[in-house]
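Undergrad: Take the sequences, apply the hints, and build the full model.
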Amino acid sequence: MTPPRPSLLALAALLAGCGGGDVRELVDRTDASGIRFEHENGFAGPYYFPETVPAGVALADLDSDGDLDVYAVQSGIVPGSLAAADKADHRPPNRLFANRGDGSFDDVTEESGDAAHTGYGMGTCAGDVNGDGLLDLFLTNVGPDALLLNRGQLAFEDVAAGTVLADPRWTTGSGFADLDQDGHLDLVVISYVDWSADTEQECMAGGVMDYCHVSLYTPLADRVYRGDGTGAFVDVTAQSDVAQRTGRGFGLALVDFDKDGDVDLYVANDSVENHYYRNEGGRLIDGTDLSGAAYDADGMAQAGMGVSAGDLDDNGLPDLFVSNFAGESNTVYINRTGKAFRDASRQTGITVASRPALGFGTALADLDRDGVLDLLVTNGHVMRNAGREGSPWRHAQPDQLFRGTLAGEYPRYEPWLEGTDALAVPRVGRGLATGDLDGDGELDLVLLGCEEELSVIGSRLALPGSQWLRVRLVADGSNTWAVGAFAGLVLDDGTILRRWVQSGTGFLSQDDLCPMFGIPPGRTASRIRVRWPDGATSQHDVEGLDRTIEIRQASE
Amino acid sequence: MRCLLLVLPVLACGVESVGPTARDRARAEALTEEAVTVAENGANLDAVSMLSDALDSDPENERAHRMRAVLGERVSHFSEVIESSEWLLARYPGDAGNVDLLSSIVRSALNDGLVDVAESALTRLERMEPNSGRTATLWARLHLENGDMARAKRSARSAVKLVPIQTVGHHILGLALEDEGDMEEAILSFRRVLKVDPGHLGARDHLATLLLRTDRKKEAGKHRGIHTALTRAMPGGFRQFRATDRVTTFTELVELLPDWTTGHMELARALSQAGRLDDARARAEVGLALDRRNPELNELMATILRGLGDDAGARKHAARSRLPGEKPRRDRKAEQ
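Chains as they are written, first to last, in our numbering: chain A, 27 to 582; chain B, -12 to 323.
Among the hints, a few may not be true.
Each computed SDA-like pair below joins lysine to any residue, with the alpha-carbon atoms no more than 20 Å apart [claimed, not checked]:
1) B:Lys204 with A:Asp315
2) A:Lys285 with A:Arg362
3) A:Lys365 with B:Leu199
4) B:Lys182 with B:Ala276
5) A:Lys365 with B:Lys204
6) B:Lys148 with B:Asp184
7) B:Lys209 with A:Asp315
8) A:Lys365 with B:Gly168
9) A:Lys365 with B:Arg200
Which bits of chain B does chain A cover? Going by a derived footprint, with three or more residues having C-beta under 8 Å, they are [said to hold, decoys possible]:
10) 129 to 138
11) 205 to 215
12) 269 to 276
Read the hints as simulated data drawn from the structure, not as lab findings. Here the structure is a predicted model, which means the values were calculated and not measured. Idealized CB from N, CA, C, for every residue including glycine.
TA: See below:
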């Protein structure tokens, strides 16, 4: 672990505006949160490939009380492994933590019904699939997936068993979106590789036993399911181009990339090209070859892990940030036309700092409330012996934060608070989700690493004099949380801050579904424009900042 | 006082080390000698590791530095390349071969993300070799790494003017032109790259995308097909290949790209690893017919011939393979 360097500490102090007692920092709040959760991947000697991947985490208001609850995905023992027979009774569940309203939590897993799911967990996403106003959860696993319908009072029921959703393959990323704009949420589920304990292979790396490379396993096609608003889904993969491609997928982004009013799909794949599908009339059309976002600028298929989408260059179109393998750079794809992206990683300045790290969880968030999105990445190697003698890599790695600025054609990102306490702790990072847990108007981070304890990081990075606005959108139809909607906050100088309501974010995780805006010092917001999931648009006056507001589509 | 009684009194008392003992030097020599044999058998990664061990024993072993500066770049051990190259530069400050060492430092530093180190070495290189195609190309790479597309474009233009037959300069020029939206000029640049190196992934990818965007779907499809096959064969990051898979993959690729030297070389390497030495020699000959002076291919051919018992042939190719352990140019000249 690298100790803080004096120059960086000096920079942090400068950024903190020291002298006024206004300390700007990230603070580990895990103990204060009351959350105790340790991820298990089941490693017990033999190297089973699924152990390298998990797990994700969700921040969502699951009891509709206005604050964010935490759902942590557990893995346990790899199905079919030697340990599975020895420890048949050891089935650690996913855990649900209910927010008391102040950022401290109660573990309510035991009373949550099927939320105490015991599959070999990978990830999760949230959305209201049956129109009851309550957020439901989808869970991906090695083994059958689960759809947890929220029955209220933080009790959940898995309704996937016996349906198409109980896909027994190894699935990873997932996200809800109303793809056909019928008012009901559909579902995209990403698959990794064709794996079972019987097909597990033994591999050496650097002269010692370790996990095999993904290229030794067969990639799979992702799946698309159409929802009817009751919690029932049918497999419509064959009706889209998704069926035509295979990949080794992890993260996904379901956003209206081409600004035509419906939600498109981007998938980060491990060691093969990333996929891009444009939504045309509810059908996902393959736009990968034209996109410029399938490979990096050097024409290489990178090891794509997490994905975040947001307007990085202020041109009105959502861009992409993809985390990749160590030795590769993370990638910023700037969206030029909705059909054509460009790898602008070098232009944005992220290549050098990101190359040594193996990035997984990602997030775009305006942590300092200067009106520009910052980048967050949680890192950790997949090879257990990555830190062996002579290797430049480490298994556990520090997280990274990049501060965004806008000056010229491309945004610029500089490493920020590098080496300071909360970021410096090396972890085998995987899931990362953002949201304001304690209602103080500053975004908090929840990180879940592989075989790591869940961490809650509070940010105190807001510029003095800056303000905030969190928006809960309520859409018509059964998609009550307006998943897929766009919200643009118009500031008094005409600047527009843009957010998209996204289900399935970063790496197998779920950020808060309520868009969070940071309003720079000296500015105020006058109105907010919304494009709803069904394509309708509306505009609303903003009265008062530093609070959460609710906007209902039906009120128009 | 007490530290005088300890096993490591020198370190414990903070007294400066007295340098390697005769035994250390002998160990370093033996390891370097072994590294030569290991490298001759194609195990460059192990050879570099032995050379680093040798230099741990005797940091002044010139032969080990010289070998490591060359082999290290081939196995992506860039920090070792920089360290050994800097040692050699300090040892022979006026040597004519220092331009090669400096450009090696620049490349290695850029590959390792050490932009400041690269810029410093490049500034020194430019003083020794102003207005050269190599210097201009490296400046283009450095500006690209910094995201300064305008300066990257200027340097790339200078580079390809000075050395028209090259890949890096044309590729960076293509990227800069694409960035400006000049698609037709960018397409021309990427085509020039592929003339020199048909297996260039970046140029193939960008060309396929730009052709599709300009509605030349059939040609775009051809390039995309080749690019996909190439990425399957040469994915980035950590890889665990099996020799038999590589034989199949590269056999298909060289059928697609018969003028691709690297493809023939990789196929020869895979055949060699699969124990098919006669086939490997035949394939390496095809590659050498395209690029007789390719150092890596000559090194591979030397290894194959050695395996076949043709020591004379192996020596001939080894001599063409930019053998590590060369003396400085100044010394070679004196010997002549």
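Undergrad: Look at each hint and say if it fits the structure.
TA: Quick rundown of the hints versus the structure:
1. B:Lys204 with A:Asp315: Satisfied, since the Cα-Cα distance of roughly 11 Å is no more than 20 Å.
2. A:Lys285 with A:Arg362: holds, 11 Å
3. A:Lys365 with B:Leu199: holds, 12 Å
4. B:Lys182 with B:Ala276: Holds: Lys182 (chain B) and Ala276 (chain B) sit about 16 Å apart, inside 20 Å.
5. A:Lys365 with B:Lys204: holds, 16 Å
6. B:Lys148 with B:Asp184: OK: Lys148 (chain B) and Asp184 (chain B) at ~18 Å, within 20 Å.
7. B:Lys209 with A:Asp315: Since the Cα atoms of Lys209 (chain B) and Asp315 (chain A) sit roughly 12 Å apart, the hinted pair holds (cutoff 20 Å).
8. A:Lys365 with B:Gly168: Judged against 20 Å, a Cα distance of about 15 Å means the pair holds.
9. A:Lys365 with B:Arg200: holds, 10 Å
10. 129 to 138: Check passed, 5 qualifying residues.
11. 205 to 215: That given contact holds, which follows from 4 residues of the stretch 205 to 215 of chain B lying within Cβ reach (below 8 Å) of chain A.
12. 269 to 276: violated (count 0)
Hint 12 from the list above is the single one not met by this structure.
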